[in-house]
Amino acid sequence: MSQTTLSGRYGIGRNERNQLGSTSWSPSGVLFRSNDSQHVPLKKGNTLSSKKGNLPSAHKTKLKKRKPTYATYFHKVFKIRMRYYYRLSLLLSILLSILIALPYGGNIFMLPVKIMILWASFCLLKIARDATIRVSLSGASSEFQHIVSCLFSTHFLIVFGCYAVATGSIFLIIYNQSSAYLNYSISSPTKTVKPFLNDSFMFFWYFSMFVSSFYSLQFIIFEKNMLPFKIGVYRCDPTDYLKNIKWSSLLKEATAIAGCIAIFAAPVYFWFRRLIFNVFFSGLVYGTNLNSQIPAIRFSIIYYLWLCILSFAIVFTYELLNRIYNAYAMVGCLIVKKPISSYGDNQFDVLTTGITDYEYPLVRLTAYQELVYRSLCTNISERRCLYEDSRWLLVLNEAAKLIRSNSKVIKMDILPKKASVKSKIPENNSAPNDDTPNIFGRSGQINIDTGNDFDKANLRSRRSMFSTNINSPEDLFLKHDSPHKPVIPKKKQSLVSIVVKKCEAYILSLVRKFGKQLKEYILNQRKKSVFLQKVDRFITKDKMIWGSYRKEADRRIPDKIIVGNAIIVISEMLLHAKSEDKKNRVESTLTEVLTILTSIYKSTSLFLDHPPVAPKSIKEKEHNSIKEINDLAISYFFKIVVFYNSSLNDLILGPDTFKLAKWCTDMALEEQKSRGFTEI
1 MSQTTLSGRY GIGRNERNQL GSTSWSPSGV LFRSNDSQHV PLKKGNTLSS
51 KKGNLPSAHK TKLKKRKPTY ATYFHKVFKI RMRYYYRLSL LLSILLSILI
101 ALPYGGNIFM LPVKIMILWA SFCLLKIARD ATIRVSLSGA SSEFQHIVSC
151 LFSTHFLIVF GCYAVATGSI FLIIYNQSSA YLNYSISSPT KTVKPFLNDS
201 FMFFWYFSMF VSSFYSLQFI IFEKNMLPFK IGVYRCDPTD YLKNIKWSSL
251 LKEATAIAGC IAIFAAPVYF WFRRLIFNVF FSGLVYGTNL NSQIPAIRFS
301 IIYYLWLCIL SFAIVFTYEL LNRIYNAYAM VGCLIVKKPI SSYGDNQFDV
351 LTTGITDYEY PLVRLTAYQE LVYRSLCTNI SERRCLYEDS RWLLVLNEAA
401 KLIRSNSKVI KMDILPKKAS VKSKIPENNS APNDDTPNIF GRSGQINIDT
451 GNDFDKANLR SRRSMFSTNI NSPEDLFLKH DSPHKPVIPK KKQSLVSIVV
501 KKCEAYILSL VRKFGKQLKE YILNQRKKSV FLQKVDRFIT KDKMIWGSYR
551 KEADRRIPDK IIVGNAIIVI SEMLLHAKSE DKKNRVESTL TEVLTILTSI
601 YKSTSLFLDH PPVAPKSIKE KEHNSIKEIN DLAISYFFKI VVFYNSSLND
651 LILGPDTFKL AKWCTDMALE EQKSRGFTEI
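Mapping to full-length UniProt numbering: the sequence shown position 645 is 645, numbers consecutive.
Just so you know, these hints were derived from the structure itself, not from any lab.
Since the structure is predicted, the reported quantities are computational estimates derived from the model, not experimental observations.
For lysine to aspartate or glutamate, the following DMTMM-like pairs were computed, each having C-alpha atoms within a straight-line distance of at most 20 Å:
#, residue 1, residue 2
1, Lys252, Glu223
2, Lys411, Glu622
3, Lys67, Asp345
What follows is a set of in silico ranges between Cβ atoms, one per label pair, in the way DEER data are often shown:
#, residue 1, residue 2, range
4, Pro228, Gln177, 30 to 40 Å
5, Arg83, Ile309, 31 to 41 Å
6, Asn379, Arg675, 25 to 35 Å
7, Leu99, Asn346, 51 to 61 Å
8, Ile507, Asp650, 56 to 66 Å
9, Tyr86, Phe109, 17 to 27 Å
In this text, a Cβ means the ideal position worked out from N, Cα and C, and glycines have one as well.
Let's have the full structure, built from the sequences with the hints guiding it.
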């Protein structure tokens, strides 16, 4: 995947910019052409007359136009970008229709009809992706809870319905061009006995339903509807993304899915054959006056292998379509080298509606991508709108609320263990005077206790930076109404969603209760068999039901990409402000930015040092969402402390921020001494 920066290629084409420039916003919220006419309704009692007094005045009848938001421009751009999906899906429908027609031949004049049916099915899959698109991580704490929540979700129903229609369309085309082997009935040897339902026909349509069910299930469970964005990447070229597709990986994944379908389809059919006949085919039997007895098994091994090969072709097509969709859905915030908000009359106001848009997570993420672009851009004019008036404070306040709310969630229900080994190195308990500046800055009236929560023996340890009192909130300088997200008016839940949530909670509680009772039963057994020992090991150590380290990390910071982009924005803007901010609006918030970075670093460090669930491997511990945010926060904190080292003398820092700044300064001094430098 190509992840371009400023020197990379931008935009899909200039038609995006041209079409955006010829649109305006209607009061009803629908984009229309600038030359469209507007009908102004008259007030009650007004009639058209030649008299001047009967005509409404212009200022009274002029409708107030609704200002376009960031979502307005984004949805317009998204619609333009998805045209490339339609074109590529049309090409795939042509190839697939030719592929499935080769074994049978058939009428060449019917080929366009088959192509249009397949193309309509692929467009339906695009609608399913639009309805179930995700940019945040799962909120489940265990694999089992994740699976149950996926099954009892509207996303699964939408995906299953669309994939069932698409797969059924493909099987319908094959059925229409097949031989008499797939006729729905088999004539009986005598005229007195009604014809039976063809077992090959029944298995054919069962296999179609099984393919769509299995693919939809793995699609939701493995979160393939989530766009794989990366922190700090604001532009992904779709052409390079498609060129860099690993075809070997795509073939392996399609083979694995088709192989599982081939393994499980036949056994499930044999076990539930009578149920399938009574539920799904009883209407056909009674409607066509067939024999109500279940038919004998008729399909052969060759027929089954042919269906498995067909399932591989279908799964491969679906996987390729998903990658095409991801390529054009993840393009980013730029349109031909210009950010999306630049098409509005007031760029900052449009951008503000994007970073505060909690209704559309993809729009909000794209707005933060644009902030990342502006903060990293070498062109000063892209950041100029953030230096004006109090705009920077609005951006910083929104980032502070986002980071602080995630900081509180990350350290939720974490009980740190007390250190068992004390430092052997004598501790220096002298704190700097409140009026005496030093290299670390003034500490003001704050008394720093360095006895228990700051270990001088290991300055590189995360655990030695902060006190372990999780009940004391961080002292952030920016005030806000709530540590959580802004209150959004919730939609009234339907009866179906309430029932689904209750069923999900009941199943989870039932499984946990069964696991506890089974564990108590095993513990009460004096002599444990090999089977009971394996079950005990599974219940005690397996994290599928009781929680996993990776899922726990994802659950505590679901908006990892947005949080990471917010850290980059406030840090990069501060690094650029020293030479660009003439009015000192950004540089004056140095204390606030350092405090914000400290809060997220402290919370992530607390999770990494005292995980609620033990990691299974070093790879799982080093590669997770919280570790990524932790490394990003300390990296930018270190850069800012070194860059603004001369300004730290005039700051009043909180205790945690002061300790972390001291540690960063000591590390910088050690590094420069090792390189032979004498001053920072």
